[in-house]
Amino acid sequence: MKRLAFLSLLPLVMVAGEFERKGNIGFEVQYLGHDIDNKRDNALALRFEMEVKKEVGDGVFVAYVKKVFDKDDKERRYIDFNDLYYQHNFEDSDILIGRNTRFWGALEFYNLTDVFNTKDFLDDPFDYDSKLGSWNIAYTKYLDNSEISLIVKLHEEKQRIQDSESVNNFFPLPFDDDLKTQKDENRPTLFLKYSGSGDEVQVDYGLVYQNGYDAQRYISMENGTLRQNAYIVNKLMGYATYIHEDTIYKTELAYAISDDDKVSDYGELGVGLEHTLYGFWDKRDLGLLAEYYRYEAKDDDKVDFSKFFADDLTLGFRLSMNDLSSSQVLGGLDIDLDTKEKIFFVEYDTRVWEKYKLKASFTHLAPEEGSVFEELDKVKLEFGYYF
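Numbering follows my numbering, in which position 79 of the sequence shown is assigned residue number 139; successive positions increment by one, without gaps.
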């Protein structure tokens with residue numbers, strides 16, 4: 061279906077005009093230290109990503125393709141067009157038709173208002189920016205210091221997972237990726253979004269109303285297998301950042317009214333700050349980050365989501381080297397204040413010889429006592445050529 065949709069848009073690309081393209085090709089290597097039976101302790105995958113843009117009259121055609129080939133995991137041998145859309149630009153507005161990804165929110169480590177796309181479970185489960193593109197039609201009107209968007213999401217995406225021997229598959233039982241939906245999977249989900257920035261005060265903000273399938277899903281068991289269930293909500297969300305001198309204050313809020321009798325209404329809160337010490341170490345800058353997340357269900361007797369970031373404190377840092385290679389170190393510790401579960405992570409990004417990028421990361425998961433998860437350490441190395 062996705063390939064046919066792409067081919068149907070090819071006539072647009074054949075119109076006279078110049079292509080813009082950028083992408084990368086490289087590999088990722090992972091080593092995982094764990095004591096889990098029947099799980100691999102390493103992974104090697106080749107990746108290819110490319111974005112192509114072409115102006116077509118008063119609009120632009122965009123295609124972003126991702127190809128992954130995992131040495132051991134046949135589930136991670138696929139090609140996908142996460143972005144495949146046409147955007148037509150008017151004088152003070154535009155309309156978008158197709159499949160794309162969006163990023164909403166203000167916090168650094170976890171964005172509870174980033175609900176438009178579904179998480180890509182075939183990728184790194186600790187990478188919250190890894191998403192599946194969503195088919196939609198969107199109209200955006202641009203004002204002086206703000207914009208308003210009406211977005212209609214047309215389809216609810218399934219989430220495929222890595223094979224059972226992958227350490228990144230955390231399901232304790234077989235998983236059926238045939239998504240169960242409260243209504244038809246093509247039931248539209250509506251988003252009305254208003255965002256803007258201050259004229260004299262350094263503030264950016266966004267308000268979102270949602271009617272349709274929630275980004276949060278619950279798990280049910282059928283004939284010894286697990287399945288995801290998508291349900292409908294009315295949801296109001298907001299996020300904002302405020303800059304005062306060397307400190308950025310951040311917040312995200314959400315409240316959802318469930319249309320499913322099995323699922324409770326719930327509220328979410330995220331608050332945080334980032335204070336930067338400029339010239340902390342020679343020409344290097346050090347950012348100190350602190351964020352707190354809270355999830356509260358109205359009725360505890362309904363579905364238990366066992367949700368991450370339900371009562372969590374995250375402390376972190378960002379060290380910007382300010383060198384020619386744009387090197388940066390980002391790290392942090394997330395603590396579940398209720399279960400005492402901990403996730404420690406640190407990652408290093410740099411550019412090598414202008415066209416190459418290197419990223420090395422380490423993650424340690426220390427689950428709560430009695431959890432279905434096991435303690436593990438993960439080292440990941442990514443190296444690629446960017447063009």
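Since the hints were derived computationally from the structure, they do not count as laboratory data. These numbers were taken from a predicted model, which means no experiment stands behind them. Please note that a few of the clues may not be correct.
Taking lysine-lysine and the DSS-like style, the derived pairs with C-alpha atoms no more than 27 Å apart in a straight line are [to be verified]:
(1) 402 - 367
(2) 201 - 131
(3) 367 - 415
(4) 191 - 99
(5) 402 - 99
(6) 240 - 134
(7) 440 - 113
(8) 253 - 191
(9) 415 - 343
(10) 179 - 134
(11) 440 - 367
(12) 191 - 114
(13) 191 - 113
(14) 362 - 99
(15) 400 - 362
(16) 114 - 127
(17) 201 - 240
(18) 322 - 367
(19) 240 - 114
(20) 82 - 415
(21) 99 - 179
Listed next, with one range per pair, are the computed distances between beta-carbon atoms [said to hold, decoys possible]:
(22) 155 - 393: 42 to 48 Å
(23) 321 - 132: 26 to 32 Å
(24) 289 - 204: 42 to 48 Å
(25) 93 - 204: 51 to 57 Å
(26) 254 - 91: 43 to 49 Å
(27) 199 - 93: 46 to 52 Å
(28) 241 - 407: 32 to 38 Å
(29) 139 - 306: 43 to 49 Å
(30) 163 - 139: 21 to 27 Å
(31) 408 - 241: 37 to 43 Å
(32) 240 - 419: 33 to 39 Å
Virtual Cβ for every residue (Gly too), placed ideally from N, Cα, C.
Cross-check of the supplied hints:
A C-alpha spacing of about 14 Å is found between residue 402 and residue 367, which places the hinted pair at or below 27 Å, so the restraint holds. Taking the CA atoms of residue 201 and residue 131, the gap is near 46 Å; set against the 27 Å cutoff, the hint is violated. Proposed proximity of residue 367 and residue 415 is contradicted: the alpha carbons are some 40 Å apart, above 27 Å. Restraint check for residue 191 and residue 99: satisfied, since their Cα atoms lie roughly 25 Å apart, inside the 27 Å limit.
Restraint check for residue 402 and residue 99: the C-alpha separation of about 22 Å stays at or below 27 Å, so the hint holds. As the CA atoms of residue 240 and residue 134 are separated by approximately 24 Å, the hinted pair is consistent with the 27 Å bound. The hinted pair formed by residue 440 and residue 113 fails the criterion: a straight-line CA distance of about 31 Å is larger than 27 Å. Distance restraint check for residue 253 and residue 191: the Cα-Cα separation of roughly 20 Å lies within the 27 Å cut-off, and the hinted pair is therefore satisfied.
Between residue 415 and residue 343 the alpha-carbon distance is near 24 Å, which keeps this suggested pair within the 27 Å criterion. Only pairs whose Cα atoms come within 27 Å are accepted, and residue 179 paired with residue 134 is accepted, the gap being roughly 19 Å. Among the hinted pairs, residue 440 with residue 367 is consistent with the structure: their alpha-carbon atoms are about 25 Å apart, no more than 27 Å. Taken as a hint, the residue 191 and residue 114 pair is honoured in the structure, with Cα atoms around 23 Å apart against an allowance of 27 Å.
Simply put, residue 191 and residue 113 have alpha-carbon atoms about 20 Å apart, close enough for the 27 Å limit, and the pair holds. Between residue 362 and residue 99, the direct Cα distance comes to roughly 33 Å. Violation of the 27 Å bound is thereby established for this hinted pair. Proximity of residue 400 to residue 362 is assessed by CA-CA distance (about 24 Å); at most 27 Å being required, the pair is judged to hold. With a CA separation close to 21 Å, the supplied pair residue 114 and residue 127 stays within the 27 Å bound.
Taken as a hint, the residue 201 and residue 240 pair is broken in the structure, with Cα atoms around 35 Å apart against an allowance of 27 Å. With a CA separation close to 16 Å, the supplied pair residue 322 and residue 367 stays within the 27 Å bound. Only pairs whose Cα atoms come within 27 Å are accepted, and residue 240 paired with residue 114 is rejected, the gap being roughly 37 Å. With a CA separation close to 12 Å, the supplied pair residue 82 and residue 415 stays within the 27 Å bound.
With a CA separation close to 22 Å, the supplied pair residue 99 and residue 179 stays within the 27 Å bound. For residue 155 paired with residue 393, a C-beta distance near 44 Å keeps the hint of 42 to 48 Å intact. Checked against the hint of 26 to 32 Å, the C-beta distance between residue 321 and residue 132 comes to roughly 42 Å, which is inconsistent with it. The given range of 42 to 48 Å is respected by residue 289 and residue 204, whose C-beta atoms sit roughly 43 Å from each other.
Take residue 93 and residue 204: their Cβ atoms lie about 54 Å apart, and the range 51 to 57 Å holds. The hinted window of 43 to 49 Å between residue 254 and residue 91 holds, with their beta carbons roughly 46 Å apart. For residue 199 and residue 93, the Cβ-Cβ distance of about 50 Å falls inside the hinted range of 46 to 52 Å, so the restraint holds. Remark: the range hint 32 to 38 Å for residue 241 to residue 407 is upheld by a beta-carbon distance near 36 Å.
Evaluation of the 43 to 49 Å hint for residue 139 and residue 306 yields a pass: the beta carbon distance comes to about 45 Å. A hinted range of 21 to 27 Å for the beta carbons of residue 163 and residue 139 is consistent with their spacing of about 23 Å. The hint said 37 to 43 Å for the Cβ distance between residue 408 and residue 241, and at roughly 41 Å that hint holds. Checked against the given bound of 33 to 39 Å, the beta carbons of residue 240 and residue 419, roughly 37 Å apart, stay inside it.
The structure fails hints 2, 3, 7, 14, 17, 19 and 23 (numbered hints given earlier, in ascending order).
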